[in-house]
Amino acid sequence: MDSPILPRELEQKIFELAAYSDPLCVPRLVLVAWRVKEWVEPFRYRILVLMGIIRPRLNGLGCFPHQDDHNFARILATPPSIFKKSVRHMCLHYVYDPVLEYILSAARDLENLWVAHDFTQTPLASIFHPTRLKQLHCNIRGLFPQGQKADFTHPIFAHLTHLDLFDIFSDWLLRGLPLILNLTHLAFHDKALVFQLPRLLRECKVLRVVVYRILWEGFVAREVHPELDELWEDPRFVQMESNERIKDWHMGALTGVDFWSQADNFTRKRRSGEIDLRQSVIEGDPSKDLP
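Be aware that the sequence shown starts at 1, since it is given in the working numbering, and climbs by one per residue.
Just so you know, these hints were derived from the structure itself, not from any lab.
Among these hints, one or two may not hold up.
As the list claims (entries may be wrong) - When the alpha-carbon atoms are kept at most 20 Å apart in a straight line, the in silico EDC-like pairs for lysine to aspartate or glutamate are as follows:
1) K85 - E16
2) K85 - D22
3) K37 - E16
4) K134 - D167
5) K247 - D264
6) K84 - E101
7) K205 - E233
8) K191 - E217
9) K191 - D151
10) K134 - E111
11) K134 - D264
12) K37 - E101
13) K191 - E241
14) K84 - D109
15) K134 - D109
16) K247 - E111
17) K191 - D171
18) K247 - E227
19) K149 - D118
20) K84 - E16
Unchecked claim - FRET-style restraints, in silico, Cβ to Cβ:
21) K205 - P7: 45 to 55 Å
22) R271 - A77: 42 to 52 Å
23) D229 - P123: 39 to 49 Å
24) K37 - N265: 37 to 47 Å
25) N265 - L76: 34 to 44 Å
26) E233 - A158: 26 to 36 Å
27) T120 - K205: 35 to 45 Å
28) H129 - E233: 35 to 45 Å
29) E283 - A77: 42 to 52 Å
For each residue, glycine too, the CB sits at the ideal point set by N, CA and C.
Required output: the full structure, derived from the provided sequences and hints.
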């Protein structure tokens, strides 16, 4: 395919739309022609998944290989401008420091970050100063140096609307979360936080959805904990199993359908009466239904 048959502007729009709609097809599109490569190459990095030494079972999810593979060297050879211009969704799973620092210092326009890393690694808050981050999935303790208090006024939180906490419950979370002024969606994995939600929901005025994601502990039963009557009558509180966390994140980045959207839909139906207000549990594991 050497010369365009369609007008160049229209052809470019078509290829860009194809790359945006299905980023997984970009490696094939870049082979069509040099001009097509220039148009769609940035979309290759719109959703970036990097896996380090600790690699979870991904059930076929495409990602960059192990940190010793030549592809990590390719990442370090990529101009920082590509990451700033192109990357919008990023998953970093125990990626070693040089790659972590190189990418996060460049990806200032990142909108959605899922990150798991060792507390002995570089604190992310020292290298990551995003301007438009909306979604964050992380352990907040890992953002800041060991022994230093979490700073909920850091630029990381300035535009944040969705926060998925990996942290174990602590009083500093209760004190800090209300300082994230735009936070509308909160998820967590530690059952202990459920019993503090009435207070948190009163203090975080803009919260619309709070999701208890079940990983290793069971659901909180209304019959067992009647003292949480305020919580049981609140349509914002949702419980769901969540065993495929990275897969769920990746599907959300690709399609917009993830546990957040499922919780939003469930909450809407409780408010409208389609689902009993007293029903807080989404049955089954929604992430297992993802392709």
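Right, here's what the structure says about each hint:
1. K85 - E16: 15 Å, holds
2. K85 - D22: With Cα atoms ~18 Å apart, K85 and D22 stay inside 20 Å; holds.
3. K37 - E16: The given pair, whose Cα atoms are some 10 Å apart, holds under the 20 Å limit.
4. K134 - D167: 19 Å, holds
5. K247 - D264: Since the Cα atoms of K247 and D264 sit roughly 19 Å apart, the hinted pair holds (cutoff 20 Å).
6. K84 - E101: Holds, at about 13 Å.
7. K205 - E233: 17 Å, holds
8. K191 - E217: 7 Å, holds
9. K191 - D151: 24 Å, violated
10. K134 - E111: 5 Å, holds
11. K134 - D264: 16 Å, holds
12. K37 - E101: 27 Å, violated
13. K191 - E241: OK: K191 and E241 at ~12 Å, within 20 Å.
14. K84 - D109: 6 Å, holds
15. K134 - D109: 10 Å, holds
16. K247 - E111: OK: K247 and E111 at ~18 Å, within 20 Å.
17. K191 - D171: 14 Å, holds
18. K247 - E227: 35 Å, violated
19. K149 - D118: Since the Cα atoms of K149 and D118 sit roughly 17 Å apart, the hinted pair holds (cutoff 20 Å).
20. K84 - E16: OK: K84 and E16 at ~18 Å, within 20 Å.
21. K205 - P7: 45 to 55 Å: Holds, since K205 and P7 (Cβ atoms, about 51 Å apart) stay within the stated range.
22. R271 - A77: 42 to 52 Å: 51 Å, holds
23. D229 - P123: 39 to 49 Å: 41 Å, holds
24. K37 - N265: 37 to 47 Å: 39 Å, holds
25. N265 - L76: 34 to 44 Å: 41 Å, holds
26. E233 - A158: 26 to 36 Å: 33 Å, holds
27. T120 - K205: 35 to 45 Å: 37 Å, holds
28. H129 - E233: 35 to 45 Å: About 41 Å separates the Cβ atoms of H129 and E233, which means 35 to 45 Å holds.
29. E283 - A77: 42 to 52 Å: About 48 Å separates the Cβ atoms of E283 and A77, which means 42 to 52 Å holds.
Checked against the numbered hints listed earlier, the structure breaks hints 9, 12, 18; every other hint is satisfied.
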